[in-house]
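A.B. asks: Full structure from sequences and hints, please.
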Amino acid sequence: MSQAQLLGSAHWDDYGFKVQSMIKKPINYGAIDEDEAKQLGGDLFVYRWGSAETSEMIALYWVVEAATGTIKMSRFELFGSPVARAANDMLCMLSRNKKVEEIPEITYKSLEYFLRDNPTTEALPEVKQYTITHAMTAAAEAADAYLGNKPDEEGEAVICTDAGIKRKTIEQVIRLHDLTDVRQITHYTKAGAFDHSCTEKLGDILRVVRAKMAEEAATVEVPDDTPFTQMTSEQQLAKINTVIDEHIRHFLVMDGGDMEIVDIKQNGEHTDLYIRYLGACNGCASASTGTLFAIENALKTHLDKNIRVLPL
Amino acid sequence: MPIYLDNNHLTRPDEQVVEAMKPFLGANFHDPLAPYTQANLSRRAYGDAMAKLYAGIHADKKDDIIITSGDTESNTWLFNSLYIHKILTGKGGAIIISERAPASIASMCAYLEKQGAKVFRLGVNNDGVIDPQDLLDYITPRTALVSIEMVDEESGAIQPIEEIAEICAQYEVPFHTDATQAIGKIPVDVQRAPITYMTFSAHTFHGPTGVGALYIRNGAKLEPMLMGSQTQMGGQRAGVLNLAGIVGMGKAMELAVDALEYDVEDMREVRDALEEKVRAIPDVQIITPWSLRVPNTLTFAVRGVSAAALLLELNRSAIAATSATLYPQGNWEHTPLIDAIGADPALRHTVITLALSRMNTEEEIEEIVQALEESIALLRDESPAYPETKTEEQA
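Protein chains in written order, with the working numbering: chain G, 1 to 312; chain W, 313 to 707.
You may find that some hints are simply not true.
[Stated by the list, open to error] Heads up, simulated BS3-like pairs for lysine-lysine below, C-alpha to C-alpha not over 30 Å straight-line:
1. K589/W - K25/G
2. K166/G - K589/W
3. K98/G - K18/G
4. K201/G - K430/W
5. K166/G - K98/G
6. K533/W - K24/G
7. K589/W - K403/W
8. K201/G - K168/G
9. K403/W - K373/W
10. K364/W - K334/W
11. K300/G - K212/G
12. K25/G - K109/G
13. K201/G - K426/W
Since the hints were derived computationally from the structure, they do not count as laboratory data.
C.D. replies: Pasting the structure below:
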């Protein structure tokens, strides 16, 4: 328990400016019909997730360009907490001009950062984090349905019937947010919020996943004392990604941009890192100046002074 | 002007209550049990306030009304005492409560079940009311306690506690009722039924927050939970008395009983006028029939509209209302109302409660109805749960 928890933090007026405005006037709210889809040059794909019984139902409307599989337009309808409006609205924005298969790659972190007003304050109180999880689960399931991917049967098992939460979602949030407590699972998924009878099952899943995570960590862990230049390229990439996640990415995401690593090459004494700017960063004036120096500086400070960053 | 419709949760203290309390938050701060002359005014005020509480619920002078910090403490105390002195010692058997018990009782019983206690929960019918005959399936002379709320906080359904109390008396089983949602809305008289224990709390009848009571009929047993000096509350509950709170609760009780004559009828008229207009909104289901409900409550399901979203829309029109299914603030310790009355599960998260008080006015009705109609239309327009369920019904 803490002072913040004692004070409680799910007041409607406590949400940030961005979240408030998206709750009030979501841009991508409402259905898309066949005619509109045709005008946009694509086919309409509709996916419904959840139900009124479980407190949240999302209907996703995608206009997909058949030749390229690109989402030209994405909108949603919602039955559920108004906060979910913000999460779904932002996800619709992020989905646009992406290929359907890229949708499951949108990370929780990027969506959450997009909803923030400033880099250091979380967009939503703990008890409302589930709205982001639900929005992402719905979109990922929609992508699977569109692509005809068969879901893994074990993962499809509904663990919390009251909130309609599947095993795979619970496993995902435990890994993604490094959860250690059943209560945290409830915050991130709403499983066990209403009917507490699934608490025991949640505890079992938590134990199994934590054990697996510990096992995996033991096999891929990079010893802290290995110099950067002596690491394998996979280890280097992992280290670089960690530094970028911790020090860089949220600033880019806050401004509607992002970056990805294309390649990493040894060039004499230098390690050359080829990156591609995404979203608003692509074409931004500071992409080859301030932003680039910031990225390079962070990597030089935290990893190796001979790293060079080259935007493509 | 903001409109406040969350009165089953908390009421605004009456101006007269606030005035009555003021001296005891200042110059007359003395402990009413102190022997010195300076405490005389406090002692007199304490006596007056207690007399008002006894008169308000028609308690006999031989009975006890123990002041607590509110309904939660009263209920917790009773169930704790019951567990330690009746169930653990094997003197009593199961506890029988309602499926719709107040959160403090539902949570306490869930906890006691983990400790090995046996708890039976009586269901409600389609109207949200318990059938007293159901009690006969569970009650035995060894039953430790039967506890049924006088009024359901969410639906406003009045439970047949007189019949239930009679059955308990026949089996010589103690009977407890939580009257927190009843005082100030319907007449409460402990002489009309063999009630052994009764909980009430000032915050639901325009008194201050943080003060309530547990009524204990003469001869009924209860072990002290808050230990300390033996002078306060006859040794039943230690701690310096919250005199301002007690004075406030006494005044509030007096006003609540007086209000039953006229003000409550006015409130009922305002509620009824509002109800008529809400009933006219399509696909709205009012939960408990008019005749079985307290005069301040209007609880209804709005098909296809999430209660959480509707409450936020109402909040934009400066209307404060509530829903027991609101997450995380709602009450999920007991069975959701829609499940309890066996209604369509698709309505589970669509129920909101408008709880009025004698301070609401006729002028507010139009504003409430307009906000409701606009919000419902807006939310249904974008709700994936509305057209679908409607088509199913039509099919």
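A.B. asks: For each hint, tell me whether it holds in the structure or not.
C.D. replies: Hint by hint, here is what the structure shows:
no., hint, result
1, K589/W - K25/G, "holds, 28 Å"
2, K166/G - K589/W, "violated, 41 Å"
3, K98/G - K18/G, "holds, 23 Å"
4, K201/G - K430/W, "holds, 23 Å"
5, K166/G - K98/G, "holds, 26 Å"
6, K533/W - K24/G, "violated, 55 Å"
7, K589/W - K403/W, "violated, 53 Å"
8, K201/G - K168/G, "holds, 13 Å"
9, K403/W - K373/W, "holds, 29 Å"
10, K364/W - K334/W, "holds, 18 Å"
11, K300/G - K212/G, "violated, 33 Å"
12, K25/G - K109/G, "holds, 23 Å"
13, K201/G - K426/W, "holds, 17 Å"
In summary, the numbered hints that this structure violates are 2, 6, 7 and 11.
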